[in-house]
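Chains A and B, in that order, give the protein sequences. Those letters in the first sequence? Residues 1 to 1551, per the working numbering, in order. Those letters in the second sequence? Residues 10001 to 10242, per the working numbering, in order.
Do not take every clue at face value.
List time: in silico DSBU-like cross-link candidates among lysine-lysine, alpha-carbon distance up to 35 Å [unchecked claim]: (1) B:K10170 to A:K383; (2) A:K430 to A:K507; (3) B:K10154 to A:K358; (4) A:K908 to B:K10218; (5) B:K10154 to A:K939.
It is worth saying that the hints were derived from the structure and are not from the lab.
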Amino acid sequence: MKPKEEKVKIITEEFIEDSEDADEGRQKKTVKVARQKGKKQLSSAGPKEMVSEKSHPDDQQEPVQEGSDTHLLGMTSRRGPRSLPPIPSASRTGFAEFSMRERMREKLQAARSKAESALLQEIPTPRPRSLRHPSEKELETEFGTEPGREVQRTQQEDDSQGFSRVKFHDSVRKIKSKPPVPPGFPSAEEAYNFFTFNFDPEPEESEEKPKAKSRHGTNQEEEEGEEEEPPVQEGVNKMDEEELLDGGDTEHLLLGLDHAAEDFVAVRPAEYESVHIRLQMEKELLFVPSTLTVPTYKKLPENVQPRYPEDEGLYIGARLEVPRTNQNIMENRLLMQEPGRRWFGDDGRILALPNPIKPFPSRPPMLTQEQDIKAELETLYKKAVKYIHRSQHLIGSGDPPGNFQLDIDILGLIFTHHPCFSREHVLAAKLAQLYDQYLARRQRHKAQFLTDKLQALRNAVQMGLNPAKTPKSLETTQKTINEYKSEIRQTRKLRDAEQEKDRTLLKTIIKVWKEMKSLREFQRFTNTPLKLVLRKEKVDQKADEEAYEAEIQAEISELLEEHMEEYEQKIEEYRSAQQQWKAWKKAQRAKKKKNKQAVEERPDEMKEPDPGEEPVKPVPPEPTDRAVIEQQVRERAAQSRRRPGEPMLVPELSLAGNVTPNDQCPRVEVLRREDVKRRSLYLKVTFNNKEVSRTDSRPLGADFRVHFGQIFNLKIFNWPESLTLQVYETVGHSGTTLLAEVFLPIPETTVVSGRAPTEEVEFSSNQHVTLDHEGVGSGVPFSFEADGSNQLILMTSGKVSNSVAWAIGENGIPLIPPLSQQNIGFRSALKRADAISSIGTSGLTDMKKLAKWAAESKLDPNDPSNAPLMQLISVATSGESYIPDFFRLEQLQQEFNFVSDEELNRSKRFRLLGLRSQGVPEFRNYKQIPMYDREIMEKVFQDYEKRLRDRNVIETKDHIDTHRAIVAKYLQQVRESVINRFLIAKHHFLLSDLVVEEEVPNISILGLSLFKLAEQKRPLRPRRKGRKKVTAQNLSDGDIKLLVNIIRAYDIPVRKPTTSKFQQPSRSSRTFSEKHAASPTTPSATHSADYALGQVLVRPFVEVSFQRTICHTTTAEGPNPSWNEELELPFRAPNGDYSTTSLQSVKDDVFINILDEVLYDVLEDDRERGSGIHTRIERHWLGCVKIPFSTIYFQARIDGTFKINIPPVLLGYSKERSVIIERGFDAVRSLSEGSYITLFITLEPQLVPGESVREKELVARYVSLIPFLPDTVSFAGICDLWSTSDQFLDLLAGDEEEHAVLLCNYFLSLGKKAWLVMGNAIPEGPTAYVLTREQSHYLIWNPCSGHCYGQFDTFCPLKSVGCLIGPDNIWFNIQQYDSPLRMNFDVTKPKLWKSFFSRRLPYPGLSSVQPEELIYQRTDKVAAAELQDRIEKILKEKIMDWRPRHLTRWNRYCTSTLRHFLPLLERNHGEDVEDNHRAELLKQLGDYRFSGFPLHMPYSEVKPLIEAVYSTGVHNTDAPNVEFALAVYIHPYPKNVLSVWIYVASLIRNR
Amino acid sequence: MAAAGPSVFLLMVNGQVESAQMGKLAQKQWQNWNLKPGLMSELCWTCPSRLFLKYYEYIFPEYDDLYCKYCFVYGQDWAPTAGLEEGISQITSKSQDARRALVWNFPIDVTFKSTNPYGWPQIVLSVYGPDMFGNDVVRGYGAVHVPFSPGRHKKTIPMFVPESVSKLQKFTSWFMGRRPEYTDPKVVAQGEGREVTRVRSQGFVTLLFNVVTKDMRKLGYDTGPPDTQGVSGPSTPQGLSR
């Protein structure tokens, strides 16, 4: 339909609606229908319509509430909000609206009454009816059209388009409604709508605009009142109406045809519906915002007129240019999401900030985020962290070492001797040295100083002698005078010595100079510019003489005085000596007299007096003679002093002389000079024995001086220990030689650069140089004399002038390390040589000694040079600093200890943390160690401490036998240490542990995969696929199940009739040799007879117990039952810990017991037999198969036929074969002995066996077994340990390998051919067996059970063979099959067996790790007997414990019978005794019906024995009068190997 | 243990795995582009024409449609009390603008309790995506500690992937679409055994953490100023980065 027509139609319709009289009821009905249709139509319409539809209900609800007249009210109310007049009086909208409604109502009522009256007058014709339809339509669409008016304002036309479309369809439908409506109409309509809505091209905006405008105009007129409506308009409308009708008819025809066509395809396939539903569902989920313009009234609060701030004169910035569509989408979205209108401003537009875009273009900063990343990758400069030299770490010094700097200024170097020195140079050097000495002496002026001092002292004495001037007491004065005098004497001596030295020096200088001069004359050239000038200083002769004389006189007088004193003293001495002598003389004389008398009496006894005792007669001293003294004084003065009047000689050394040029020198001298020129020198500066810098290489000057003038700044962090300059000399281009090392003193802290004096440090070298020119060489003798006498040996030596000082920082602070005790002590002490000499070098570090020395030597405490020492001493003595008298290996450890060790041990938390990090088993998985000690229970440690305590205590409770207890303990320790090592090993990672990567495919894999491409997609023979493996981490209890599938059993023992009291048993003809010879046994006649009677021989069922959960199968019948049942047992990991390590350490076994169900009729009253059955079920244990869980865990599944472990004697049962069996399966059956059960065991879900992946190094099982003791003690992920046979026997524990090795060794020593077989067996998994060679065939031995099998035995548990190990070689199986059944064991065939040692790698003759011989001790029989008693007691107690609700009676008679019987069993290895035994038992216990059996086990500890007895279930009898018998027998073998027999039986007395 | 349980402190971490920059040819190439970058980006904003898209495909030939997994690694004394400690994000395609960012905005919200700061939680991220043959391969591993101090932290984690051992293996792994992966992504949170691997850097992932702690100070652990305010870290807050 053309838009123009449509427009016209709308106008007419609206007009008609108002003006037309209409039947009220009919109109109502049609409106309703139309509305319903409209709704449907809307809902089925495209998503574009949805918004408008959804926004309507609010408006539509209103009319329903308002009044009974739905049609009218609906119309008015719908108009209400929209019909806001565009007049400016917006503030009174509410009122305006009200009045408007009122007006409308009035108008409508008027129209209605008019229509009613018209109805009464006229007969209804089709025309009004046809006209009415458009009006209905209009009603329907009007609420949609209305927005169009508002839209005009916002320049958006989409909405009106939509509605015009709606109208169009409605008109179509309306026209269609003239013919009878087809039944499928609504769906067709919907379909039509759907399609048209989706595919109708949108009308052009330009065309739409005027139409909408005009429509708006009419509407407005209509609303505003009749008075505005011009009559002309009406006429026009009517004309339009007629046109419309024509147009409508044509349309109708067309559409009708279309419709008809659609009607045919109205039966749509279901697909359409599904799409529809999907769209519906999508509509529920997704919201696609409409692009239609949202009318302003929706965006504003109700009845609010939009206001425009811009019009009100407010400034609004330019809004951001947003496409209209986007704006509409946003508005629709906002309206949809939030009913509130807070996003819209007063003008009905979305609130927006003014456009932030700059008017001019600018470049944004590039990719800030990337820059950030870059910045993060950037290398940051950080200052180096100072490293403090270890040896210089001071204990207790906390101050951080700062930035210190030493400035080393190396000025130059002067050689005092050099190999290139000529003779003249030697002299020159000597002269220079002497002159230097002279200068130094003169500078010090010692002689003058001493002279002055002497003078002063003399004056003082003079003063002291004058008593008037001294206020002191006479005594003190005298004392001081004496002191002065002695000092005068000292000083005078010193002065004399000095003066003499001065004079000699002067003389020597002159002498050397003279020598030099003569040398120069002799050689006729000059080498050195040295020139000595002696300057004479005139002196005043007279004054000089006077002073000289006065001096002499003074000296003489002093000397005289001195001598006088001496003389007096001597006189005094003499006198006392004289007196002494006289006294002695007297005494002597008296003695003599006495002696004389005595001699007279006894002449022969007379003795000479002792001559030694006789004192020498003192000689009186001679008084000193003044003349003599004067003589002496004058002589000395003449010698050491300048004579009076003699001019003072002042030598002056200058370099003013001329050196003879080369061309005037002889050749040797020229050579020398050239040699000198070739030499150059440099210095290396080493600090703490590390080279830190070196000077430039400078040529050696002709005057043997090298000037460097370089300053080195050393930034130091370590304490300066040594500072050395190394002098290197380079001769020409040949290498450098180290001449000497110069040790520089570390400067005092007061020495800073700028103030440091230049010091000359001497050095000398011990090198020996002989030169072929004028050079005198070094270390070689030479002489100045022509005859070669008076030889000199000079060594290379020289002086380095340098200055070392501490640098001054930028801010004027000297960069000196802080004064620290050690440093100061060290350096100050070095300065004070006397300190070292007084207390020794070692004393320097001993503060006490140093302090003692300082106190004794009366150091001046105020002397600044002593300050550091005094400080040190005061610190040391006051005890402020503590210098430990111990040596600490890691002295920094203490600083890092955040608490002391005691506290660490005391704190429970720390202890717990420590133990956990050590990996102590009790705490390894401890979670959430509490924060506070008080929150840790004391009992946490109890177990651990108990274990620690018990480590060395051997517990005999479990292990009765002490030897075994010790072994168990030892094993425990071995296990611990292995675990610890393993924990360490676990921290070594391989790449494959961390990174998963596909292997590089090799050719074969590639080939295989190519081959796979050609493989059939669905092979005819399906193969079993591997189950998904579950890592055992996220598991909890109950997730894992053990599935045991019991399939069938063979050769179950059958019951023996108990009726016959005595029966001669047919002795079995089986012998050991026959076992392998596959001979069938002859059936006993009795049994055939029994069988013939049709009795049930046995009713076996299987009971599987695991972790004390028991499941059993149904009961089957006969000795070859077939159950084919699956039992499901839950698995619980220890402590709920499903980690792989924990799972590996599960020690539980799966017991598969075969029992016989025996029914007993216990009905006591025969009369009831007709009406009831009363039986009791008894279960008789027949045998068991034990499979450790770890095997299942590692093997993932266990599938096979197992030999049932049946006790050698089963009371009441026999293992006789039935005729049928023998006939049928003879070939198979006869291969082996015993009963068998076929099983399939697996875990669900399949677990990944943790560490076993790394098989090459870690085998996750460690089984310890005592010989003939298959006790599995498996624990987590540990390497397999193979012990030697002697260790094995000592330990009495080992796994299959040890057993096999021992067994193999025994066989070998017996002279048999035996090999160790490595392979897989069931149920052990990877294991070791022993292969022996008999005459014609091979035997395979299971070392743990001691059973042997023929090579072709079907039931041999060894399923595959990997390699054979012989005493001198190892063979690897390279045959096609690895099952022993199909193998050839001939190792000599290289095609079948690949040997390890071959021709290429011959057997090197390795020595065996096994001991030469095994030593066996006899086992203590008494101890064994004792053990036997104890075990029996324990077991009896246990059985009573297991029967808590019943009385357990022990039949003592039976027990003793059994006990006698057990040794017999041991002797016969459990064979061939059955029948005898049964007969005997029957004889003795005929009244009883009993079931029982002996168990044979190796002995390790009590627990397995108890378990074994428990698993048989003997105690589970609840017959009222049951009695028990239990006997234990232990047979001791050498080396403490014990064989245990337990006989358990239950007896019921026959009635 | 005491009935009341040991006293613990709580660490609440929320935030999100924001975005990734996973490009083999790094941004450097972008910056070396002959055209003026400013002009380039301007053009990109206004007219995302096919030409430029092509160009971008050339610059960043791979690493699209990535998703990431995160998990937390923490010590024995730690236990999650609330929230998810593992998560896997939606697949994101890279943006069409110049940044080519892969935005996940995948929320993280987990609360831990602990008695010991030892073993402080680390977040381990692993990013996966299809390679050019459509095989799902790993695109990066990375880990970072949850920030210690309360407040808002933005972390950019450099990512890396393990490298093949040999060139041949590299080729075959590329060809077979099975790149080397860590057996457990948690490997990247621990130092043990890393010396046996070699890795290659591989882009960055930006993480935002909001950290709240409770009772840490009470138990004697001081993790910074009492009232940390503002955003730490080098990046500017979201939305203003450009």
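Against the structure, the hints:
no.	hint	result
1	B:K10170 to A:K383	41 Å, violated
2	A:K430 to A:K507	13 Å, holds
3	B:K10154 to A:K358	31 Å, holds
4	A:K908 to B:K10218	20 Å, holds
5	B:K10154 to A:K939	45 Å, violated
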